[in-house]
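If you read the sequences in order, they're chains A and B. Be aware that the first sequence starts at 1, since it is given in my numbering, and climbs by one per residue. Be aware that the second sequence starts at 1, since it is given in my numbering, and climbs by one per residue.
Note that these hints are calculated values from the structure, not bench results. Incorrect hints may appear among the rest.
What follows is a set of in silico ranges between Cβ atoms, one per label pair, in the way DEER data are often shown [what the hints assert, rightly or not]:
(1) B/GLN278 with A/ARG46: 16 to 22 Å
(2) A/TRP32 with B/LEU297: 31 to 37 Å
(3) A/PHE192 with B/VAL242: 29 to 35 Å
(4) A/LEU21 with B/GLY300: 56 to 62 Å
(5) A/ARG79 with B/VAL90: 52 to 58 Å
(6) A/MET152 with B/LEU303: 24 to 30 Å
(7) B/GLN278 with A/ILE178: 53 to 59 Å
(8) A/ARG190 with B/ALA248: 32 to 38 Å
(9) A/ILE173 with B/LEU297: 32 to 38 Å
Keep in mind that this is a model prediction, so the values were computed, not measured. Here a beta-carbon is modelled for each residue, glycine too, at the ideal position from N, C-alpha and C.
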Amino acid sequence: MKISEYKFSRILKPSLFVLLLLPAIYYGWGVWQDALGANPLEAVIRGLGDWGLRILLLTLAISPLRRLLNWAQLLRLRRMIGLYAYFYVVLHLLGYLWFDQFFDWEEIWFDILERPFITVGMVAVILLTPLAVTSTKGMIKRLGKKWKKLHMLIYPISMLGVLHFWWMVKLDITEPVIYAAILTILFGERLFNKYFK
Amino acid sequence: MLIKKNNELSENEVTDFSVYQNRRKFMKTAAGLGIAAVSGLPIIEASAKTISPYSTDEKLTDYKDITTYCNFYEFGTGKEDPAKNAHTLVTSPWDVVIEGECENPGKYNLEDLLKPVSVEERIYRFRCVEGWSMVIPWMGFPLADLIKRMQPTSKAKYVYFETLHDPKQMPGQKRAVLDWPYVEGLRMDEAMNPLTLMGTGIYGKDLLNQNGAPLRLVVPWKYGFKSIKSIAKIRFSETQPVNSWQKANKNEYGFFSNVNPDVSHPRWSQRKERRIGQFRKIKTQPFNGYGEQVASLYTGMDLKKNF
Ligand code: HEM
Numbered sequence: 001m002k003i004s005e006y007k008f009s010r011i012l013k014p015s016l017f018v019l020l021l022l023p024a025i026y027y028g029w030g031v032w033q034d035a036l037g038a039n040p041l042e043a044v045i046r047g048l049g050d051w052g053l054r055i056l057l058l059t060l061a062i063s064p065l066r067r068l069l070n071w072a073q074l075l076r077l078r079r080m081i082g083l084y085a086y087f088y089v090v091l092h093l094l095g096y097l098w099f100d101q102f103f104d105w106e107e108i109w110f111d112i113l114e115r116p117f118i119t120v121g122m123v124a125v126i127l128l129t130p131l132a133v134t135s136t137k138g139m140i141k142r143l144g145k146k147w148k149k150l151h152m153l154i155y156p157i158s159m160l161g162v163l164h165f166w167w168m169v170k171l172d173i174t175e176p177v178i179y180a181a182i183l184t185i186l187f188g189e190r191l192f193n194k195y196f197k
Numbered sequence: 001m002l003i004k005k006n007n008e009l010s011e012n013e014v015t016d017f018s019v020y021q022n023r024r025k026f027m028k029t030a031a032g033l034g035i036a037a038v039s040g041l042p043i044i045e046a047s048a049k050t051i052s053p054y055s056t057d058e059k060l061t062d063y064k065d066i067t068t069y070c071n072f073y074e075f076g077t078g079k080e081d082p083a084k085n086a087h088t089l090v091t092s093p094w095d096v097v098i099e100g101e102c103e104n105p106g107k108y109n110l111e112d113l114l115k116p117v118s119v120e121e122r123i124y125r126f127r128c129v130e131g132w133s134m135v136i137p138w139m140g141f142p143l144a145d146l147i148k149r150m151q152p153t154s155k156a157k158y159v160y161f162e163t164l165h166d167p168k169q170m171p172g173q174k175r176a177v178l179d180w181p182y183v184e185g186l187r188m189d190e191a192m193n194p195l196t197l198m199g200t201g202i203y204g205k206d207l208l209n210q211n212g213a214p215l216r217l218v219v220p221w222k223y224g225f226k227s228i229k230s231i232a233k234i235r236f237s238e239t240q241p242v243n244s245w246q247k248a249n250k251n252e253y254g255f256f257s258n259v260n261p262d263v264s265h266p267r268w269s270q271r272k273e274r275r276i277g278q279f280r281k282i283k284t285q286p287f288n289g290y291g292e293q294v295a296s297l298y299t300g301m302d303l304k305k306n307f
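Isolated chain A (complex conformation):
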């Protein structure tokens, strides 16, 4: 599959850019209009975490989709999607630091050390940061082979993301199980592709 260069860079990519921005706009609007229910700040933190994880999985879906549809252009969307995942995860972290903890650093430090689900989330964000920083064309050139190796980190990061959600849940693990299943499919496709094709 292939679409014209014009359609790709003038329509598909900008549309996707706007589409991925919509959740952020929704939560911004929701807070402003007080349309997020009884506990809007929790809704924002959770919503940003949800979208961070979803977009992270979307990033991982690009190369399987490329293989499935035989559509090489897709790879050129991956950086933008990956950076969006980082954008939402960082906003999610900021939401936690600000209106969950109100920058009470002692409490935050305690949380990171004592609560496995926070520890795991924190490790995921820290690991994600060098990937975001090295996503520029210049960096890709400069790092060469090492770049590929470095960006393999996305595999443990996405597992940590799902684990973070799983450990956070009080009782009903339906949603994290769904994310874990999607992740398993995405990983499985890669293994299958590597060893059985």
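Put chain B with the ligand on the given structure of chain A with help from the hints.
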């Protein structure tokens, strides 16, 4: 097309509640000055006439928030699920089975159970184990009244409560997230404490299904999950009941579940809470601020072990 959600309040009702709040303020002042009786102003509901000494004067949480942000897994595990799904619960007629170590066991129709009691207003803080809280104007009567009528025997050391179990009316029970029916328990002295309420209403109205209609427990110094909803059975027992959340995860939830800022939930701190409707978090108080009335129930107990 605009579709109005069935749980949305009409303009009128909203006004009702601000009137309700103002009326309360007036009555409080009036009561303070001792002029309520002589003022000649129409004071509306008999039930709300007197202000209970147990009531707090903190700002009430909005009726809309109280009725749309609920944990009631019998109707789904999302906070907004109960408000959407609880219409399938039939609360009239309603029977409560009373059994175990007492002189007057039997199956009681709710109306008969309520006939001799006088319902009063109690404004309590309500602290959920998840770290949020509300201020709720309950309508209800002391559980002690009901217990005395049932004449528990000397063997009755605990009171056990059970929510209705009927997956047809409570669709959330089709999934085994918790071991249905939901059960809770109190030690007899906790149950007899004057703070402990059988709730029948909120804001002067009957309880909505999502808030545990038609009859629920309200134990303000314990985490919210102790305040079991839609009660169908009460049993007096010699042994300590195992409550549902303890059954689900005994490392995280205990029998007592007293609000305690010094005992963290393994996965989050309990030092602070988000009062629904406020931006800043506030400090959580031991026994949710009811220590004066209840701390003596636990003297000599290690509250870190007996969480
Ligand atoms: C790659 C990194 C991360 C991802 C993908 C992620 C994703 C998520 C997801 C999906 C949820 C569940 C939302 C829901 O219930 O619907 C969540 C909840 C949460 N996350 Fe993260 N998260 C990440 C990092 C972090 C970090 C670094 C922190 C804080 C230090 C954090 C703090 C929280 C908190 C406090 C909640 C629970 C919110 C609540 O209970 O209301 N997360 N996260």
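Cross-check of the supplied hints:
1. B/GLN278 with A/ARG46: 16 to 22 Å: Cβ of B/GLN278 to Cβ of A/ARG46: about 19 Å, so the range 16 to 22 Å holds.
2. A/TRP32 with B/LEU297: 31 to 37 Å: violated (46 Å)
3. A/PHE192 with B/VAL242: 29 to 35 Å: violated (47 Å)
4. A/LEU21 with B/GLY300: 56 to 62 Å: Given a distance of about 59 Å, which is inside 56 to 62 Å, the answer is holds.
5. A/ARG79 with B/VAL90: 52 to 58 Å: holds (56 Å)
6. A/MET152 with B/LEU303: 24 to 30 Å: The hinted range 24 to 30 Å is violated for A/MET152 and B/LEU303, with Cβ atoms some 48 Å apart.
7. B/GLN278 with A/ILE178: 53 to 59 Å: violated (33 Å)
8. A/ARG190 with B/ALA248: 32 to 38 Å: Since the Cβ atoms of A/ARG190 and B/ALA248 sit about 36 Å apart, the hinted range of 32 to 38 Å holds.
9. A/ILE173 with B/LEU297: 32 to 38 Å: holds (36 Å)
Hint compliance for this structure: hints 2, 3, 6 and 7 are broken, all remaining hints hold.
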